[in-house]
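Student: Go ahead and model the full structure; you've got the sequences and the hints to work with.
Protein chains: 2
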Amino acid sequence: MAKERDERAITPRGEDYSQWYQDIVLRAELADYSPVKGCMVIRPAGYALWENLQKALDGMFKATGHANAYFPLFIPMSFLSKEAEHVEGFAKECAVVTHHRLGAAPEGGVRPDPASALEEPLVVRPTSETIMYAMFSKWIKSYRDLPLLLNQWANIVRWEMRTRLFLRTTEFLWQEGHTAHTTHEESWKEVLDMLGVYARFAEEWMAVPVLKGVKTDSEKFAGALKTTCIEAMMQDGKALQSGTSHDLGQNFAKAFDVKFQDEKGEWRYCWQTSWGVSTRLIGALVMAHSDDQGLVIPPKLAATHAVIVPIYRDDAGKAKVLDTARSLKATLAGAGLGVVLDDRENLSPGFKYNEWELKGVPVRLEIGPRDVEAGSCVAVPRVPTRGLRDGEKRQKETLSLAGAPESLKSLLDDLQRALFDRALKFREEHSYKTDDYAAFRRDIEKGGFFWAHWCGGAACEEKVKEETKATIRCIPFDAEKEAGACMICGGASPQRAVFARAY
Amino acid sequence: MAKERDERAITPRGEDYSQWYQDIVLRAELADYSPVKGCMVIRPAGYALWENLQKALDGMFKATGHANAYFPLFIPMSFLSKEAEHVEGFAKECAVVTHHRLGAAPEGGVRPDPASALEEPLVVRPTSETIMYAMFSKWIKSYRDLPLLLNQWANIVRWEMRTRLFLRTTEFLWQEGHTAHTTHEESWKEVLDMLGVYARFAEEWMAVPVLKGVKTDSEKFAGALKTTCIEAMMQDGKALQSGTSHDLGQNFAKAFDVKFQDEKGEWRYCWQTSWGVSTRLIGALVMAHSDDQGLVIPPKLAATHAVIVPIYRDDAGKAKVLDTARSLKATLAGAGLGVVLDDRENLSPGFKYNEWELKGVPVRLEIGPRDVEAGSCVAVPRVPTRGLRDGEKRQKETLSLAGAPESLKSLLDDLQRALFDRALKFREEHSYKTDDYAAFRRDIEKGGFFWAHWCGGAACEEKVKEETKATIRCIPFDAEKEAGACMICGGASPQRAVFARAY
Chain E
17 MAKERDERAI
27 TPRGEDYSQW
37 YQDIVLRAEL
47 ADYSPVKGCM
57 VIRPAGYALW
67 ENLQKALDGM
77 FKATGHANAY
87 FPLFIPMSFL
97 SKEAEHVEGF
107 AKECAVVTHH
117 RLGAAPEGGV
127 RPDPASALEE
137 PLVVRPTSET
147 IMYAMFSKWI
157 KSYRDLPLLL
167 NQWANIVRWE
177 MRTRLFLRTT
187 EFLWQEGHTA
197 HTTHEESWKE
207 VLDMLGVYAR
217 FAEEWMAVPV
227 LKGVKTDSEK
237 FAGALKTTCI
247 EAMMQDGKAL
257 QSGTSHDLGQ
267 NFAKAFDVKF
277 QDEKGEWRYC
287 WQTSWGVSTR
297 LIGALVMAHS
307 DDQGLVIPPK
317 LAATHAVIVP
327 IYRDDAGKAK
337 VLDTARSLKA
347 TLAGAGLGVV
357 LDDRENLSPG
367 FKYNEWELKG
377 VPVRLEIGPR
387 DVEAGSCVAV
397 PRVPTRGLRD
407 GEKRQKETLS
417 LAGAPESLKS
427 LLDDLQRALF
437 DRALKFREEH
447 SYKTDDYAAF
457 RRDIEKGGFF
467 WAHWCGGAAC
477 EEKVKEETKA
487 TIRCIPFDAE
497 KEAGACMICG
507 GASPQRAVFA
517 RAY
Chain P
17 MAKERDERAI
27 TPRGEDYSQW
37 YQDIVLRAEL
47 ADYSPVKGCM
57 VIRPAGYALW
67 ENLQKALDGM
77 FKATGHANAY
87 FPLFIPMSFL
97 SKEAEHVEGF
107 AKECAVVTHH
117 RLGAAPEGGV
127 RPDPASALEE
137 PLVVRPTSET
147 IMYAMFSKWI
157 KSYRDLPLLL
167 NQWANIVRWE
177 MRTRLFLRTT
187 EFLWQEGHTA
197 HTTHEESWKE
207 VLDMLGVYAR
217 FAEEWMAVPV
227 LKGVKTDSEK
237 FAGALKTTCI
247 EAMMQDGKAL
257 QSGTSHDLGQ
267 NFAKAFDVKF
277 QDEKGEWRYC
287 WQTSWGVSTR
297 LIGALVMAHS
307 DDQGLVIPPK
317 LAATHAVIVP
327 IYRDDAGKAK
337 VLDTARSLKA
347 TLAGAGLGVV
357 LDDRENLSPG
367 FKYNEWELKG
377 VPVRLEIGPR
387 DVEAGSCVAV
397 PRVPTRGLRD
407 GEKRQKETLS
417 LAGAPESLKS
427 LLDDLQRALF
437 DRALKFREEH
447 SYKTDDYAAF
457 RRDIEKGGFF
467 WAHWCGGAAC
477 EEKVKEETKA
487 TIRCIPFDAE
497 KEAGACMICG
507 GASPQRAVFA
517 RAY
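So the sequences go chain by chain: E and P.
Positions in the first sequence are counted from 1; adding 16 to them yields our numbering.
Positions in the second sequence are counted from 1; adding 16 to them yields our numbering.
Each statement offered as a hint is correct.
One copy or two, it doesn't matter: identical chains are merged, so the pair holds either way.
EDC-like mimics (lysine to aspartate or glutamate), calculated; alpha carbons at most 20 Å apart, straight line:
hint, residue 1, residue 2
1, LYS108, GLU136
2, LYS108, GLU123
3, LYS78, GLU45
4, LYS157, GLU45
5, LYS78, GLU67
6, LYS108, ASP129
7, LYS53, GLU136
8, LYS316, ASP429
9, LYS157, ASP48
10, LYS98, GLU123
11, LYS98, ASP129
12, LYS53, ASP129
13, LYS254, GLU31
14, LYS368, GLU45
15, LYS336, ASP359
16, LYS412, GLU373
Hints in this document: simulated from the structure, not taken from any laboratory.
Tutor: Put into structure tokens, the structure is as follows:
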């Protein structure tokens, strides 16, 4: 029994945040460590979240005119080198394929067959700009072929020495949008539009408030003119970069000869963008909402919206309760809701409550013999919601069985909103304006977003990083354009940047 | 102009079947060759087909109790070797990762950094039995954990020297189901159930009739006890293996220690299955239905069901026709149909007809000024359908605009059925019973399925393969159990096997 308790126990956030995160991911069976260094296994509960994220995002991409395609996993080594900053950015984390066959090893077993060495090694894609734009250069001939708006759902490999489930793994899943345009004005609009899609998705679907802004040069994508990003705050006050949208300018177009003939018949280089989000979002979801009881899933991304737990003492009660529970399940499923009936025998209701809380199911519906008689059930949201009408926090409420689908939907909406509100409040409570570097160095220890003036110099940025491990997360778009003096050197600053420690 | 015609021209099937196939795939922009040897790019039109295939199959997998998960792309070399037949089957086509970093090459440029050589090389998954079952062995403890029913959508790499778009490429996309059970009876049922899902999908969605059967030992999956398959006939009379479902017995369970405690507390090895279909299905789709005008897409897998082509001579006609066309488009889209309105200027209706036929859109809707006045449009199915009531082939028909959604849906249903019927008729007309090996050797040249007796001996099978390039596609399940004498050696045979040349 002691062992079983240990296996189920979740380390409290306050005790060890990092262990808490790992406990949630493993115990809620979102993912597991694999025998391949740095690579994880995404288990069904985690993959179901990814499928729901994908479905929502994919719909938003298609609604904005993008089509999906699929490009090769392998990139010839020489392609990476064509854009100088790009290869520098990725060379140190590339998995390299050098052979195409295994053969018998002299000492027994197998080894890469030396006779199968590739003339040119292949890199497993760390991102697909180079391989895609080699094709763009073939496909794009005229301004009539533009804009070209593609997206790819794929696996990506970036060799990592220190990994963390979902947040940083050698292989991860993502989508990467890649577009080509006739003018910089149009491509910059695309950069911002897609950043807007990401922000909307994070806030409306994941219930995670985000800051939109521009990265500093030292943090931008290797090969981009400019990188924009959304940044979310986790419950330890650290930032998590949750999506990026890059203005590639004509850098890659020149490296890969992506050109079009304009209306006058002149050849010009395209203006390009790329943008992506990854399975990292699942880490953000876990860290933004979960608690010491386990996972918390925003209703809009949950595969299972409610679990029905029947409660009875004797066989007569059991028959009656199970009948009603089954019919409730059918009614809710018929209304498009994901419902599980937990009719397992020999487990106490309390045991079941804990298990479903651990798994993050948004609402628990309890039904006992008295509820059956009253034609109702008791709904318990995973996190207390605030009743919109009465201003009270709702811990539980009685739902009439007759109107259950509508009441449950309304409760799920409330929960979705409550999660966002809670996360926003948390961020506001942990955001500080600061003008004093000494105070910043002291306060950064407790986490949070620090809005401070910065002169724009790489030296000041680097000094902060070295001395505090904090980085500039972004120069926010929707912020007051208040001029001031750099917190570090006192130089002129046109607006505050956001400093934080980050994942 | 000569050049443009050439680029658009499709080589007739009768002239060069293989070139015809390639022309269709390239001209309909389903896929393109990539700069990476053996790897293709799946373009939006091809990927949309794959998405629709995926969606239908994924629904069938989930309806039969399977959940999706994701396992690492990389497999430690030693894992492959644990099942002796398995490594033998795949060693010769493995992409091997040996380094995890690029570094500066002495001669300039980059090379795999010698200091980053991996202690144990990693193989890019050619299939995932080994990496998955290493995890199964960790997760499965008791009979209560069984059956374990997982599926993975992923990319796969098998090094190919001679490749063909969709049909045989070094990298391809697929799904692989992997299950573990307590008894062989149960796992064999799973093998057949999933083969049944594949057959149903092929026939009902792809409109491709298939034979279900068992592979001979020489054709089975490396490491399986038995491989079952579905086999389809292409328009050149060749077979295309379109899906396989494997009885893995306890071979991998023993190699990877996948065990469970039964009700009595005894440890026993699991019984396992795996099953998969891939982007190869798109090749099957193309080769089963398309014609010299271009691609033919079965309506149930089409993203675009109908294209509206407006026809007018003057501006007054144009305004009227376009108004009606737009409103028709909105009505059809509102009914859940995928519709494109081709209102491009300066292109003749004939040009547009050809282009949409090339792209395989199931139905063309023509609207001219007279149609507007009559409140109707003219529907032309991509392939003549047979009217169910009147027994006539339908080349085109007049649809009332008022009832357009229902009429179009009904026409699409007819077309779906017509495609299946045509493919089935083709297969029947090219299937032969044969008992005479000399006649078989002569007739195999013209293609088709040859039902012949076979003694079960590997020598006879090999002789046929060497002398005719035909293989035993399967020993069909739903066939007459008619005993006879082996076509090759005269030995006893319990039933006929199906011989054909194959892709």
